[in-house]
Amino acid sequence: MEKVKLPKSVLSLLAERGIQADSIVNACATDMNTNGEYADGYVLLTTNQLILLLAPPDPGRVRLFKGYGTKEESQIDYAPEWAIRTYSFDELERLSIERQVACGILIANDTLRLAAFSNLSMKKMHQLVRAFDHIKNPQPDFMNEEEKEEDEYCPTCGTMYPNRNRKLCPKCMDRSSIFMRVLRYFKPYAGKLCIMLLCFVAISLLNLVWPYLNGTILYDSLLAKDAALLKKLGLPENEYVLALLLIVLTMFAAKLTIRIFTIIQGVFTAQIVTSVVRDMKKDIFNTMGKLSISFFKSRQTGSLMTRVLSDAERVTGFFIDGAPYVLIHSFTIITTLVVMFSIRWQLALIAIILMPISVIIGFKLRPRLWSLFGRRHRAERSVNSQVNDNLTGARVVKAFGQEQREIQRFHTNNERVKTAELSIVRFNNWFSFIYNITQELTNIVVWFIGAWFVLRTEQFELGILITFVGYVGQLSGPMNFLSHIFHWWTDSINSAQRMFEILDSIPEIQESEQPIALPNPRGEIVLDHVTFGYEANKPVLKNINLHIKEGEMLGIVGRSGAGKTTLVNLISRMYDPQEGSITLDGINLKELAFHDLRRNVAMVSQETYIFMGTVEQNIAYANPSATKEEIIRAAVLASAHDFILRMPDGYDTIIGSAGRALSGGERQRISIARAILANPKILILDEATASVDTETEKAIQASINYLVKGRTTISIAHRLSTLRDADRLVVIDNGEITEEGTQAELTALKGTYYKLMELQTKALALKGIE
Amino acid sequence: MPPMGRPPRGPRPDGPEEEFNLEQMEKETEEMLKLRYLTKDNAVFERTEGGFVSVRIGEEFHPRVQVVRMFPFSDPDQYISIRTPDERSKEIGIIENMKQVSKETAEMLREQLALRYFTPIITKIINIKDEYGYAYFDVVTDRGACRFTINMGGHSVVHLSETRILISDIDENRFEIPDVTKLTTKELKKLDLFL
Chain A
1 MEKVKLPKSV
11 LSLLAERGIQ
21 ADSIVNACAT
31 DMNTNGEYAD
41 GYVLLTTNQL
51 ILLLAPPDPG
61 RVRLFKGYGT
71 KEESQIDYAP
81 EWAIRTYSFD
91 ELERLSIERQ
101 VACGILIAND
111 TLRLAAFSNL
121 SMKKMHQLVR
131 AFDHIKNPQP
141 DFMNEEEKEE
151 DEYCPTCGTM
161 YPNRNRKLCP
171 KCMDRSSIFM
181 RVLRYFKPYA
191 GKLCIMLLCF
201 VAISLLNLVW
211 PYLNGTILYD
221 SLLAKDAALL
231 KKLGLPENEY
241 VLALLLIVLT
251 MFAAKLTIRI
261 FTIIQGVFTA
271 QIVTSVVRDM
281 KKDIFNTMGK
291 LSISFFKSRQ
301 TGSLMTRVLS
311 DAERVTGFFI
321 DGAPYVLIHS
331 FTIITTLVVM
341 FSIRWQLALI
351 AIILMPISVI
361 IGFKLRPRLW
371 SLFGRRHRAE
381 RSVNSQVNDN
391 LTGARVVKAF
401 GQEQREIQRF
411 HTNNERVKTA
421 ELSIVRFNNW
431 FSFIYNITQE
441 LTNIVVWFIG
451 AWFVLRTEQF
461 ELGILITFVG
471 YVGQLSGPMN
481 FLSHIFHWWT
491 DSINSAQRMF
501 EILDSIPEIQ
511 ESEQPIALPN
521 PRGEIVLDHV
531 TFGYEANKPV
541 LKNINLHIKE
551 GEMLGIVGRS
561 GAGKTTLVNL
571 ISRMYDPQEG
581 SITLDGINLK
591 ELAFHDLRRN
601 VAMVSQETYI
611 FMGTVEQNIA
621 YANPSATKEE
631 IIRAAVLASA
641 HDFILRMPDG
651 YDTIIGSAGR
661 ALSGGERQRI
671 SIARAILANP
681 KILILDEATA
691 SVDTETEKAI
701 QASINYLVKG
711 RTTISIAHRL
721 STLRDADRLV
731 VIDNGEITEE
741 GTQAELTALK
751 GTYYKLMELQ
761 TKALALKGIE
Chain D
1 MPPMGRPPRG
11 PRPDGPEEEF
21 NLEQMEKETE
31 EMLKLRYLTK
41 DNAVFERTEG
51 GFVSVRIGEE
61 FHPRVQVVRM
71 FPFSDPDQYI
81 SIRTPDERSK
91 EIGIIENMKQ
101 VSKETAEMLR
111 EQLALRYFTP
121 IITKIINIKD
131 EYGYAYFDVV
141 TDRGACRFTI
151 NMGGHSVVHL
161 SETRILISDI
171 DENRFEIPDV
181 TKLTTKELKK
191 LDLFL
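Protein chains in written order, with my numbering: chain A, 1 to 770; chain D, 1 to 195.
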């Protein structure tokens with residue numbers, strides 16, 4: 001965070017009041033007043049007072065939000081009529097921020113509304129509140145974030161980074177460097193690429209010969225019975241039929257060669273494209289595997305799928321079907337024009353005078369076509385997502401008898417696809433009509449003027465005219481291509497940039513450079529002043545101190561959303577704490593080798609996941625080298641053996657998304673077996689028995705009792721009966737540990753645990769359930 | 001007691017000091033399940049010095065309340081929830097319709113709502129530039145000119161209806177276009193990417 005730069009007018013106002021600029025400990029700019037209008041302001045903090053500055057709303061001022069504008073633009077000196085108010089710290093007991101739907105309010109003593117601000121200042125304001133808390137109640141490990149200098153703006157052009165974690169300025173980002181990076185993927189196939197390009201050149205050269213053969217030579221020399229032609233071909237006199245045969249043969253050979261080259265080029269193109277796409281997908285998938293869990297949480301699975309599957313194809317699409325053709329087509333256009341001008345420059349001029357018109361029409365109408373394509377794409381997407389929605393929710397749709405309405409909904413979306421498709425066809429027809437008319441017009445004008453030349457002047461032959469018209473026709477394809485290549489290029493580079501966004505992502509959780517190996521930990525875990533939130537300013541866990549002894553079974557109790565799962569996520573290092581540290585056997589988790597950590601910490605969570613594969617493969621997921629006997633023993637211990645054998649294919653039954661459906665309890669038991677086989681030193685059970693019936697739970701409980709022996713176990717449960725065997729319990733409420741002790745101690749406390757306990761036993765007993 | 005852990009705390013001030021009382025608890029739960037409607041006859045709202053609103057319902061007094069819309073988009077003037085301002089915000093009562101409270105009350109509640117649901121309305125689109133994963137908006141709103149950036153990947157543009165659009169920038173500041181059909185063709189063209 002950069003220090004807020006105060007305008008001169010503010011500084012002089014402060015000086016008038018005897019407040020030195022360097023006595024300001026923390027400052028935050030605000031951009032709203034409490035009436036809900038945009039207005040500039042500042043909240044300043046010295047060591048003994050809080051100063052509020054607010055300017056009247058100025059409708060002429062342009063508001064710049066994050067990511068827009070340069071540093072200079074956002075820090076212009078501004079001198080309105082500041083209204084100033086000061087509060088001494090004696091008046092302020094507490095500062096807090098109340099998040100609104102899309103802005104925030106700073107509140108003093110829970111009753112006084114001090115300032116309002118948009119989310120732009122949210123982070124800074126939280127820092128200010130923390131700085132205030134520190135002054136009021138000094139804490140040794142407090143770090144004034146004002147001091148932390150962090151670049152928010154691109155050093156080259158001064159644009160604000162849209163994403164501070166990924167310091168990449170979208171304006172300065174070198175587009176050609178993206179291009180070059182994509183080209184690097186083609187490097188291994190350079191040889192094939194050369195052959196492909198050679199084919200292209202050969203094809204376009206042969207195309208160039210074609211009109212000359214069927215125009216000038218056929219008409220003007222052969223049909224005009226030009227003796228010079230025979231001489232050139234080395235044929236005896238008057239053997240015109242032989243000459244004709246020869247020319248026809250040449251023409252055939254030319255066409256044949258073109259076809260052969262096209263085939264060769266096609267084969268090589270296919271080879272290169274598929275290889276490059278494969279390489280790109282491989283890279284993306286590899287990177288995705290390394291990324292931290294938070295990356296996946298912040299993105300939709302669908303959009304990630306698109307990236308892996310279609311972006312790579314789109315990128316290469318342009319590079320293979322676009323880039324070479326730009327060269328080829330430019331080459332064709334230039335050579336054709338040269339040939340045309342050298343034959344008859346007057347006629348060439350006439351031919352190209354009309355040419356720009358068709359290019360301009362193409363260029364002008366493309367955007368419209370693109371937006372139509374976009375509309376169709378969106379319509380298709382909504383149909384797709386509705387089908388997806390209905391397939392996954394089929395049970396609910398049926399249960400509530402809403403089939404008819406879903407059909408209606410589908411019909412509406414489907415209709416939209418049809419409409420979009422129709423409008424594209426309509427537009428396309430119209431577009432090609434105009435385009436072709438211009439083309440035809442050019443042809444007719446060339447014919448007309450050419451014919452007029454032939455009639456009027458003696459130096460113009462019919463063959464030349466035919467050659468000419470052939471060349472004009474050859475120009476239209478490349479011209480048309482070049483008129484929309486720009487859009488194509490943008491699209492491809494866009495895909496490339498999305499792809500590189502993943503490839504460049506730095507996993508938030510990284511293994512330390514010199515990881516400490518700990519193959520056989522004892523299993524003592526200490527959490528020291530741990531604070532963590534999924535978003536920077538919303539702590540889910542606040543200042544947690546917890547010591548879990550070697551071999552202990554710790555139960556965690558708390559209402560939903562209290563932070564229990566978050567706590568175990570930190571212990572298995574899915575995330576790193578924002579403040580404080582977590583150690584295993586006295587070694588900070590951040591220093592520990594990934595391999596040792598993952599091998600020694602296993603989790604059975606409330607979200608069980610069964611991979612596509614057999615029961616055996618699923619149980620052996622964490623330990624693929626396990627013997628059959630070990631697998632069976634793990635299944636028996638997890639009370640899974642019997643139900644597995646009830647399935648006809650036993651341990652070879654295919655389960656997972658494509659296979660046999662398992663019940664919630666069965667999935668749970670498979671994942672417990674998986675954890676047993678992993679044989680970790682630290683076992684985390686996150687509602688491991690939540691979805692099984694009481695009888696099965698008893699069975700699983702027995703296997704868990706076996707499982708926890710010699711391990712450190714952390715067990716989260718709503719059903720307190722699950723935690724009967726826990727050595728110690730902690731109650732988490734609102735991200736804090738509120739109660740801690742053995743069952744007897746907690747019961748004696750008569751706090752939350754007692755309340756829950758009573759509720760579960762008494763309430764159930766009253767109803768006669770247990 | 002473990003050496004590192006903090007000593008167990010006493011019962012929380014709001015926790016039951018006395019023996020567990022199931023009946024009372026069930027009563028509380030039943031209370032929770034009831035909807036309490038507030039009208040000008042049973043509730044008195046007042047502005048506080050600190051800029052908030054307080055409410056008195058018979059004996060019950062809340063020095064500061066939160067005013068929340070249940071249907072902020074589809075029905076902003078009906079079903080207003082009056083809640084306690086703490087983290088575990090509980091419902092004090094519901095105003096079914098703003099017409100059921102006095103004009104003054106409606107006005108002071110609207111002031112609170114205006115800040116809570118602060119969303120400038122886009123009246124004019126000057127420019128939208130889409131560049132490498134982000135789109136840069138240069139617009140005029142009913143609260144002045146704004147320039148902001150949105151992330152193209154996520155759910156930055158939400159269609160509240162066929163014609164109504166809600167845009168959230170990278171900090172989740174909100175901007176609204178209440179009716180896209182009222183934009184000029186030129187503006188629509190710029191917005192086309194998001195329609």
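No lab work stands behind these hints, which were simulated from the structure alone. For clarity, every value in this text was computed on a predicted model and none was experimentally measured. Be aware that one or more of the hints could be misleading.
Said to hold, decoys possible - Below, computed lysine-lysine pairings styled on DSS-like, alpha-carbon distance capped at 30 angstroms:
{"id": "1", "chain 1": "A", "residue 1": "K755", "chain 2": "D", "residue 2": "K90"}
{"id": "2", "chain 1": "A", "residue 1": "K364", "chain 2": "D", "residue 2": "K190"}
{"id": "3", "chain 1": "A", "residue 1": "K750", "chain 2": "D", "residue 2": "K90"}
{"id": "4", "chain 1": "D", "residue 1": "K103", "chain 2": "D", "residue 2": "K90"}
{"id": "5", "chain 1": "A", "residue 1": "K418", "chain 2": "D", "residue 2": "K186"}
{"id": "6", "chain 1": "A", "residue 1": "K123", "chain 2": "A", "residue 2": "K192"}
{"id": "7", "chain 1": "A", "residue 1": "K282", "chain 2": "A", "residue 2": "K590"}
{"id": "8", "chain 1": "A", "residue 1": "K755", "chain 2": "D", "residue 2": "K190"}
{"id": "9", "chain 1": "A", "residue 1": "K364", "chain 2": "D", "residue 2": "K182"}
{"id": "10", "chain 1": "D", "residue 1": "K90", "chain 2": "D", "residue 2": "K129"}
Said to hold, decoys possible - From chain A, some residues computed to sit far from chain D (all C-beta separations above 10 angstroms):
{"id": "11", "residue": "T34"}
{"id": "12", "residue": "P56"}
{"id": "13", "residue": "R63"}
{"id": "14", "residue": "G69"}
{"id": "15", "residue": "F252"}
{"id": "16", "residue": "K709"}
{"id": "17", "residue": "L759"}
Ideal Cβ positions, reconstructed from N, Cα and C, are used throughout, including at glycine.
A quick look at each hint next to the structure:
{"no.": "1", "hint": "A:K755 / D:K90", "verdict": "20 angstroms, holds"}
{"no.": "2", "hint": "A:K364 / D:K190", "verdict": "15 angstroms, holds"}
{"no.": "3", "hint": "A:K750 / D:K90", "verdict": "24 angstroms, holds"}
{"no.": "4", "hint": "D:K103 / D:K90", "verdict": "25 angstroms, holds"}
{"no.": "5", "hint": "A:K418 / D:K186", "verdict": "26 angstroms, holds"}
{"no.": "6", "hint": "A:K123 / A:K192", "verdict": "53 angstroms, violated"}
{"no.": "7", "hint": "A:K282 / A:K590", "verdict": "28 angstroms, holds"}
{"no.": "8", "hint": "A:K755 / D:K190", "verdict": "59 angstroms, violated"}
{"no.": "9", "hint": "A:K364 / D:K182", "verdict": "25 angstroms, holds"}
{"no.": "10", "hint": "D:K90 / D:K129", "verdict": "44 angstroms, violated"}
{"no.": "11", "hint": "T34", "verdict": "6 angstroms, violated"}
{"no.": "12", "hint": "P56", "verdict": "12 angstroms, holds"}
{"no.": "13", "hint": "R63", "verdict": "4 angstroms, violated"}
{"no.": "14", "hint": "G69", "verdict": "6 angstroms, violated"}
{"no.": "15", "hint": "F252", "verdict": "50 angstroms, holds"}
{"no.": "16", "hint": "K709", "verdict": "21 angstroms, holds"}
{"no.": "17", "hint": "L759", "verdict": "7 angstroms, violated"}
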